[in-house]
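S.K.: Listed here are the chains, written in short residue letters.
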Amino acid sequence: MMVGPERSSVVTGCSAVLAHTPGLVRHGSKPSRELPRDPGIERAVLDNLRTFEAAVAYVPHQTFIGGLHPRDMPQRPWTEGMAGAQRFAGAGEIMPEDEFMGLLAACDEFELVQLEEEMAADTLARLASHPLAKRLPLDRLESMREQAGAPRDGGLTLHVDRDRLAGRIFAGHESDESLSAAVLLENLACKATGVLALARLLHDCDVDPNSIDYVLSCAEEAVGDRYQRGGGNMGKTIAAAAGLGNASGADVKNFCAAPIPALVIAAALVRSGVFNRVAVVAGGSLPKLGMKFQGHLRKGLPVLEDVIGGMALLVQADDGYSPRVVLDSVGRHPVKAGASNPQIMTALAVEPIERLGLHMTDVDDYATELHNPDITEPQGSGNVPDRNYRTIAALAVANGHIERDEMTSFVSERGMPGFAPTQGHLASALCYVPHALQRLTEGDATRVQLIAKGSLFLGRMSQLSDGMSVMLERNDG
Amino acid sequence: MDLQSQAEIKRLAEEHGSDRVVVLLGAPDPESAGIAAETVVVGDPTYAGPLAEAQLGLPVFHVLEDEVRSVIPLDVWDEQIGVMADVLEAVAIGQAVREFRER
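As they're listed, the protein sequences go chains L and P. The opening position of the first sequence corresponds to residue 595 in this note's numbering, with each subsequent residue numbered one higher. The opening position of the second sequence corresponds to residue 76 in this note's numbering, with each subsequent residue numbered one higher.
Derived by calculation from the structure, the hints in this document are not laboratory data. Mixed in with the good hints, there may be bad ones.
Claimed, not checked - Facing chain L, from chain P, some residues (calculated, C-beta under 10 angstroms): (1) M76; (2) D94; (3) V96; (4) V97; (5) A102; (6) P103; (7) D104; (8) V117; (9) A123; (10) D150; (11) E154; (12) Q155; (13) G157; (14) V158; (15) M159; (16) Q170.
Stated by the list, open to error - Mimicking DSBU-like on lysine-lysine, the simulated pairs with C-alpha atoms at most 35 angstroms apart in a straight line are: (17) P:K85 - L:K728; (18) L:K830 - P:K85; (19) L:K624 - P:K85.
As the list claims (entries may be wrong) - With beta-carbon atoms standing in for the labels, derived distance ranges: (20) L:P630 - P:L87: 22 to 32 angstroms; (21) P:P125 - L:P668: 37 to 47 angstroms; (22) P:E90 - L:G678: 38 to 48 angstroms; (23) L:R627 - P:E142: 34 to 44 angstroms; (24) L:Q1057 - P:P148: 18 to 28 angstroms; (25) P:L87 - L:P928: 54 to 64 angstroms; (26) L:R892 - P:K85: 16 to 26 angstroms; (27) L:A862 - P:K85: 47 to 57 angstroms; (28) L:E1036 - P:R144: 15 to 25 angstroms; (29) L:E705 - P:Y122: 22 to 32 angstroms; (30) P:V97 - L:D755: 25 to 35 angstroms; (31) L:D913 - P:P148: 49 to 59 angstroms.
Backbone N, C-alpha and C define an ideal beta-carbon position, used for all residues, glycine too.
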């Protein structure tokens, strides 16, 4: 087999899905701590959860699933909704919570989830008519229903319609904190959103599931037991549930930054000839549900963190059409680089471009942390993407790529508003990949730089941050 | 301001005295800088944290204010802050913090 520059890696597709789960907001990390303290807060949260229709019409959600490009988003307020918004769009869908409850149960291989009888019947019927039904592990749901024993008490209650009981999830072990019901719910939600995204990817790319060799998960959840808390392997777990019989897998962990190293590793595995087709999959983060609810309620907004995301992309050998992963363009954040924002951005955004002898205006779109400002601003985190783009523009000035009076146009033409839910790994450039693929094929872009950053210091093992960047490039055949 | 930071500031002020503690902010916009300054001067406006109704009256500055910049060696400033002074709304942030500092 020829190995070398002739065998470049391309991204042939990328899916993006959201599960609308207002009933699970109470199990987000912040609400699970705050709600039990005060029935008034619990009532306020429940009263300010969005309907499915409002979640579908919410502009950032439509952008996330590929319904419109971020630069085409109307002016805020986005909560007023978009006329004609649909559940399904170019890259994915927004799944309602009763269907997701069924998918959650279908992805459970250890009888941990028990749905209420009526809920189980309804959700099975609805999922059976889902366009991806054949690709989802629904047979499990059916047999589970047939074999259902007497309802069990205890466990963690699961809700839909704000506070209607839908079922329960039980601990995997009576005394292992890593297998508590709350932890397993997080992991199962990650698995289910990952499975839905992977199913959509395979459908859109029209590839045989058995042709995928390897699945890399870049999600944030830690799967394991008390002896190996972050044991993994969500990649293979999701591959199996989505019917990828020939695939194996592994996890790439790096806080929010993980998707870009995962993409680079996938592209390197294909480029080197180790594998022909590698999927990168990212299930969502249930703990982030309702994370900033206090700010939203203070500002009279609904609880905006009511969705769990999921994404998947496919990397394979050059097909002469799909955008190339430019492995020479990888930017990394070395230990010695320093952790201030300008130092990180210099290492990730500026250095790789200069190393390739390019100009910063040779990159059409910069995708960085694209957190939705509707969510972050009310709780005091500011407008993250706006800050990132102004930093990149200021560095472009400092490094002589543009003039100072060009900063504003640089930001508006090459940057974009944030639209991702605050599930850091999805926001970290990955959410732009469906748009990047469109811009680099049917659109008029030549290069897109994907930039991801992760806060290692949150884990109390290092004071460092990390990050990685890589460029996608139009394929001229 | 998050609850952990509030608890830490409260502990330091109690341990060393309010006159021996200076709070240095790095908040990225005027609103969050103002809320943080308010929290350490007149108490947590959200009444959610340990500084709720705690009028510590601590001297508080934002790292982009001239008072701070003037006491930091230029090379350290350039390395750690550098272009962020142009990126963030330094003047508005400074005003938001000063409003509470001068109460």
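S.K.: Run through the hints listed earlier and report the numbers of any the structure violates, in increasing order.
M.R.: Going through the list in order, the structure violates hints 2, 3, 4, 8, 10, 16, 17, 18, 22, 25, 28, 29 and 30 and respects the others.
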